[in-house]
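Novice: Starting from the given sequences, assemble the full structure and let the hints guide the process.
Protein chains in written order, with the numbering used here: chain A, 1 to 629; chain B, 1 to 64.
What the hints contain is simulated information worked out from the structure, not anything from laboratory work. There may be inaccurate statements among the hints.
Restricting the straight-line Cα-Cα distance to at most 25 Å, the calculated cross-link-like pairs of lysine to any residue (SDA-like) are [as the list claims (entries may be wrong)]:
#1 B:K11 <-> A:K500
#2 B:K14 <-> A:F603
#3 B:K11 <-> A:E386
#4 B:K7 <-> A:N282
#5 B:K7 <-> A:S300
#6 B:K7 <-> A:S439
#7 B:K11 <-> A:K481
#8 A:K54 <-> A:S87
#9 B:K3 <-> A:K130
#10 A:K356 <-> A:D146
#11 A:K481 <-> B:S44
#12 A:K178 <-> A:S300
#13 A:K130 <-> A:A338
#14 B:K14 <-> A:K423
#15 A:K278 <-> A:L415
#16 B:K11 <-> A:N282
#17 A:K500 <-> B:K3
#18 B:K11 <-> A:A449
#19 B:K3 <-> A:T348
#20 B:K11 <-> A:K130
#21 A:K611 <-> B:V32
#22 B:K3 <-> A:K356
#23 B:K14 <-> A:K500
#24 B:K11 <-> A:L599
#25 A:K423 <-> A:S300
#26 A:K561 <-> B:S44
#27 B:K14 <-> A:K130
Please read all numbers here as calculations on a predicted model, not as lab measurements.
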Amino acid sequence: MLSVLQNKFTCPSCAIQTELQLSLPVYLCCHGCGTTFHVDKDKTTSETKLQKRKLQPVRNIVIGTTGSYQGKSFHIVGRIRSVRVGSVSNEWMMLFADGTEMWLSESGFSYFIYESKAVVLPIELIKAKKAGSTLTIEDRVYYICDVSRQTEFRMEGQIPENSFDDSSYFTYELTNVKGSELGTICIFDKETVEFYKSVPVELESLNLNITPPGPLQATACECQACNRSFNTYLGAQAYSSICPHCGSLHNSYNGILERTNDKVKVTTSALDIPIGTKGQLNGVEYYVVGYACKKESGTSYHWHEYTLISPLKGLAYLSQYDGHWIFLREVNAFPLPAGRAAHLDSKTYDLFSKYKSKVVNAAGEFIYRFSAGETMWVQEYISPPEMISRESDGDNIVWLSGEYMQPADIKKAFLLKNIPPRKGIGMIQPFAGKFSSESLRRLVIFLAALWVISQVYFIRTAKEELAFMHVFGINDSLNRKEIYSNSFDLKYGTCNAEIKISTNIDNNWMYTAVTLVNEGTGDLYDLDLEAEYYHGYEGGESWAEGSSWVSQVVSQVPEGKYYMIIHPEKPTNMPVVNLNISVQRDVYVFSNGFIALLLLAIFPVFYFYRKRSFEAKRWYNSNYSPYDE
Amino acid sequence: MIKLIQKNDLKGLKYYLLFASLIIGIYSYSMVTGWRFLSFTEHSKEKTGSRTYIHSYYRSNNHK
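Specialist: Put into structure tokens, the structure is as follows:
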């Protein structure tokens, strides 16, 4: 059958004409009747057995949508919708002006750009590989994050012949540690294994001429098991939908509800955030579309997980346990745990828990296949108020990044009247204060360094000049009498002066009252200096206390001419005491620095002490607590 | 380059930053002017004019 004339395809079923955008051979879906045809290189046309039901648009991207990528304009000529065992992906063929082709892919509301050229791989490369395994392709290291199988294939528009495969082939999704380079391995048969490289992309960066998505609308659906009506919001973008009346699980990825044999326990109590509630979190409008109550296998711990959808920003989750809320989003990265830590974006997270989770009850819609009996192996790593979490069901490994949400913010975001009260300390609840401990720690280190530098500076710049020194022989005639020193100069503006007495006392004492007098102004500085020095030998041990010298620093002494009035008092059992009095100008005083250090340390010491106690309470619920050791 | 304090944390730490700045300022002033925080000396001034009683006494007795 020949249906192609002058680059125009005429549908044999409905006679509607379509301009061929791609060079033959192609697969082409008639936009009139929805029939899909294979058009051979020699323009021979044959009908395929694909479903004729039209595909629902995703994010308003349709055949003919234009955009630009890396400065090159493209338009969408075809689309593939591939349903896999646990998820659905949409791929749009981007035809650039220079004739090159790429694929824009969507899965779980995340977008990627795929190269259309495949890298052919030997089958041995993927033998015995499973989720989590490492693969090196073209000198790049990837990790398998999903092993799946295509179960359904549909298309619209035009796609190259080699992109059409409606068989049930296996796929491996790959990512690198940073999540910056990804790819898909398609295992078409025992000999044909192809790898398609991809990179994540923000849809907004493609400048698509699409109308922004409107708010999610509730659509009434009928349960295929109990025939009762309930609302759905995602249409064909949901993989699974749960009837809130009987708990029957439906596949909804084809835009209609298809009942499965699976059934979920329905929720008996009212949800804290009802399905369909709209709220604004972190400046993004989200709708609550799904809910699951989960429990840790073998324990009574249970928590509540809400699936959130933003028409613009995609998928997110909100988890609530004991009144503590965590906002989570999937990441493309594949952090590699090392010991009790995992790293993401140069940040270290500490292992907090490892457990198996099971579903208790659920409601609403889910982007990925939902199963009542699903068991997930969960590893949670924390760096409050943030966390990363690894969830795996064996064939799929997904990493999520989460942040703590204040209950008041949740209440305000979703306009809730009541939310569960907060109990205990949450897994990533931040310690009091609107700042991170890391910032305070850095500031403390900076201040400590500044303190050390200032100490070195003041030690080095202290003049420590000897302004006066004289030895007085204090005998009985001078005892308790005033002695006047010679005058001396104190220089260097206003600074301190240290007055020191040194004596020859031994197992004795010497008291001296000194008045430093400014000759010019009459300023007087009075100080008492008492030296006591005792030592001995008792019980086989030598002992000594006190000192034969003593000094005091006089604060803020202006420069000028000074003398001292000395009033000595010696012990009566010493006929003469040699009293050496010296005055040293501008000496380094440690006590000021010490007091400044103490004052600076009060808040950090108090903060970190309280924080340690807080952290010990947080980690009480963990098997990996660093506070147990 | 690692920032000392994250921008978001500046608001939360502003009072401590102000306090620390004040302490460092007072400390630097004390070290430059020789002011000892814990000083046990008494400072007084003779009220009889620029030449004090003690000074006059000293001059008359020791430096004639």
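Novice: For each hint, tell me whether it holds in the structure or not.
Specialist: Quick rundown of the hints versus the structure:
no.: 1; hint: B:K11 <-> A:K500; result: violated (49 Å)
no.: 2; hint: B:K14 <-> A:F603; result: holds (13 Å)
no.: 3; hint: B:K11 <-> A:E386; result: holds (20 Å)
no.: 4; hint: B:K7 <-> A:N282; result: holds (17 Å)
no.: 5; hint: B:K7 <-> A:S300; result: violated (41 Å)
no.: 6; hint: B:K7 <-> A:S439; result: holds (10 Å)
no.: 7; hint: B:K11 <-> A:K481; result: violated (63 Å)
no.: 8; hint: A:K54 <-> A:S87; result: holds (19 Å)
no.: 9; hint: B:K3 <-> A:K130; result: violated (41 Å)
no.: 10; hint: A:K356 <-> A:D146; result: holds (19 Å)
no.: 11; hint: A:K481 <-> B:S44; result: holds (22 Å)
no.: 12; hint: A:K178 <-> A:S300; result: violated (36 Å)
no.: 13; hint: A:K130 <-> A:A338; result: holds (20 Å)
no.: 14; hint: B:K14 <-> A:K423; result: violated (30 Å)
no.: 15; hint: A:K278 <-> A:L415; result: holds (9 Å)
no.: 16; hint: B:K11 <-> A:N282; result: holds (19 Å)
no.: 17; hint: A:K500 <-> B:K3; result: violated (48 Å)
no.: 18; hint: B:K11 <-> A:A449; result: holds (23 Å)
no.: 19; hint: B:K3 <-> A:T348; result: holds (17 Å)
no.: 20; hint: B:K11 <-> A:K130; result: violated (48 Å)
no.: 21; hint: A:K611 <-> B:V32; result: violated (37 Å)
no.: 22; hint: B:K3 <-> A:K356; result: violated (39 Å)
no.: 23; hint: B:K14 <-> A:K500; result: violated (44 Å)
no.: 24; hint: B:K11 <-> A:L599; result: holds (21 Å)
no.: 25; hint: A:K423 <-> A:S300; result: holds (16 Å)
no.: 26; hint: A:K561 <-> B:S44; result: holds (17 Å)
no.: 27; hint: B:K14 <-> A:K130; result: violated (51 Å)
Comparing the model with each earlier hint shows violations of hints 1, 5, 7, 9, 12, 14, 17, 20, 21, 22, 23 and 27; every other hint is respected.
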